[in-house]
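*Asks:* Starting from the known structure of chain A, fit chain B onto it as the hints suggest.
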Amino acid sequence: MKKYLFYISCLIFFIFPVLLMLFKSVTTPWRSGVTLNWTLRGWEVVFQDSRVIESMWMTLLIALAVALINLLAGVPIAKALSHRSFPLKNTLEAILMLPLFLPIMAAAIGLHITMIRLGLANTWLGVTIVHLVPTIPYSIKVLKAGYDRIPQDMLNQGRMLKAGAWHAFRTIELPMLIPSIRSSIFLAVTISAGQYVLTAIIGGGSVLTMPIIYYPFLQSADDTVMAAFSIAFVLIPAAAILIAEAAASLLAGRFFMKRRSVL
Amino acid sequence: MKWRQTNRLILLLLPACAFLLLAGGSLMLAFMESGRGENGFTWTYYSALFERRELIDSLLYSILITLSSTLVSLIAGWLIVRTFYQLIDGNGKWMVWIPMLFPHFVWGYFVLLLLGQSGLISTFFVQAGLLEDRTLFPILVQDQAGVGIFITYVWKEIPFVILMLLPVYLQLPKQYKEVNAVLGGSGADWFKTIEWPWIKPVMFETALIISAFVFTAYEVPGLLGVSYPQMTPVLAYEWFYSASQDERAMAFALLMFVALIFGTIALAGFALMNKRRMLLSKSSHRY
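Residue numbers (full-length UniProt numbering), protein chains in the order written: chain A, 1 to 263; chain B, 1 to 287.
Hint data in this document are derived by calculation from the structure and do not stem from the laboratory.
In this text, all values refer to a predicted model and were calculated from it rather than measured experimentally.
Treat the hints loosely; a few may be bogus.
Claimed, not checked - Okay, the calculated bits of chain A under chain B, using three or more residues with CB under 8 Å as the criterion:
1. 16-29
2. 134-148
3. 194-205
4. 227-240
Said to hold, decoys possible - Calculated from the model, a selection of chain B residues having no Cβ within reach of chain A, i.e. all distances over 10 Å:
5. Glu-33
6. Gly-37
7. Arg-82
8. Phe-84
9. Asp-143
10. Gln-144
11. Lys-177
12. Val-179
13. Asn-180
14. Phe-191
15. Ser-227
Even for Gly, the Cβ is constructed at its ideal location relative to N, Cα and C.
Pulled out of the complex, with its shape left as it was, chain A reads as follows (with noise of 0.2 Å):
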């Protein structure tokens, strides 16, 4: 009983809503007293104007960038936290939280006189590095909770058996973080895609995500296009998901062999 209970309200609304678009992208626009017809119009729309592919790359391209970024600036921060003590260590992490509770928007146009002066404004490069805001409290908090779940003993046998910090981190938290660094990448670059103003303020139109051209036609567009373009959105964390597992694979394999050899 709970079981379907719980079953049918996802479906109504976390699936549902997906369906109806899904539908909606391939039929005819839904009026009283006008048959419905399938097309496939709305995604031959999206799909041939090259301005939309190109935006789609450079979601991704900015996505994935994201992403890297947080890893790299979230794992080693990540592991002091959780298994390093030292002075005024709560107050950092919440300070490192408190983006989240900031208007981004005001780090965005604080930003924006420096990226000009830099040469950053109007760049996917600036896009990016504005796009870190919103993102790295995140990363740091899933990859924090990954560390919680290394128990102490198993790095201190790491360094019992005198692996150095690289291999120890290969090796010992590599393997066991896997979790962690799938929703953290998954978060920033959902996160990523999904930003409006912080691309437009910093890119001023120029950096063409996805959007930058979706939000402006929302409204004026015709239902079924905008319907095709909606579900598109999810080609950037599915895409960005396999880009990051076939790396990973690609550098465990390299890891693998390496590991043999020196048995």
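*Replies:* Okay, now just chain B, sitting in the frame of chain A:
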């Protein structure tokens, strides 16, 4: 040895410090812009804010939407987790993740599509003969009261609440339930002495993240709002791109003012809960 340890610690902290420099620096820069006067720093733009009728209306409107949508999504998400956490941890997790895949404005567009006057539900009512004309359908989206914004945020934030609270419930030690039963505790005792203290820090954090987001995000009210009253971020965005230099400075002042309020609440809350957080993070090491 000690020196090397400290050195390594600094290395671990370095990237995060660079990030703090970016986030803190950007706020500092915004603050400087908010008070750029002809001769040095001035607070005039801050006082000018409160002379604008539209801002007072906007703040009240934003507070109303923020409080209502935060409260409803928090309570709904919490009740769902508390009832179903075992199911969610089993097969349900991916379903909860689905709304997280879409940006907020896509969800807003969906609400518009569903509940707008020319939306699916009104069309359905007209087709079924329950309504004569679609203009008789109540204006739920792009309405004066912000119902569309409220619905979008609640719908989108419930999964977020679930994902924030899920690990807390999964980590709640099962022995506590037995201890409570052995000592003759009732359901209310269980809630008061174990469950609530255990979830309180995360509830507070989640409430703060959601309210700060709802209060300061442009996308959803920019899409589903009306021209008056506007939510604060929409006003700030328009002022920022306004031709008048004064309004531009006021956009900075407005966002700094909001940042100050949320920053104070966050820091005060964390200072009060720090002890509890520390105990929680220590206990999660062992299992």
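*Asks:* Flag every earlier hint the structure violates by its number, smallest first.
*Replies:* The structure breaks hints 5 and 8; every other hint is satisfied.
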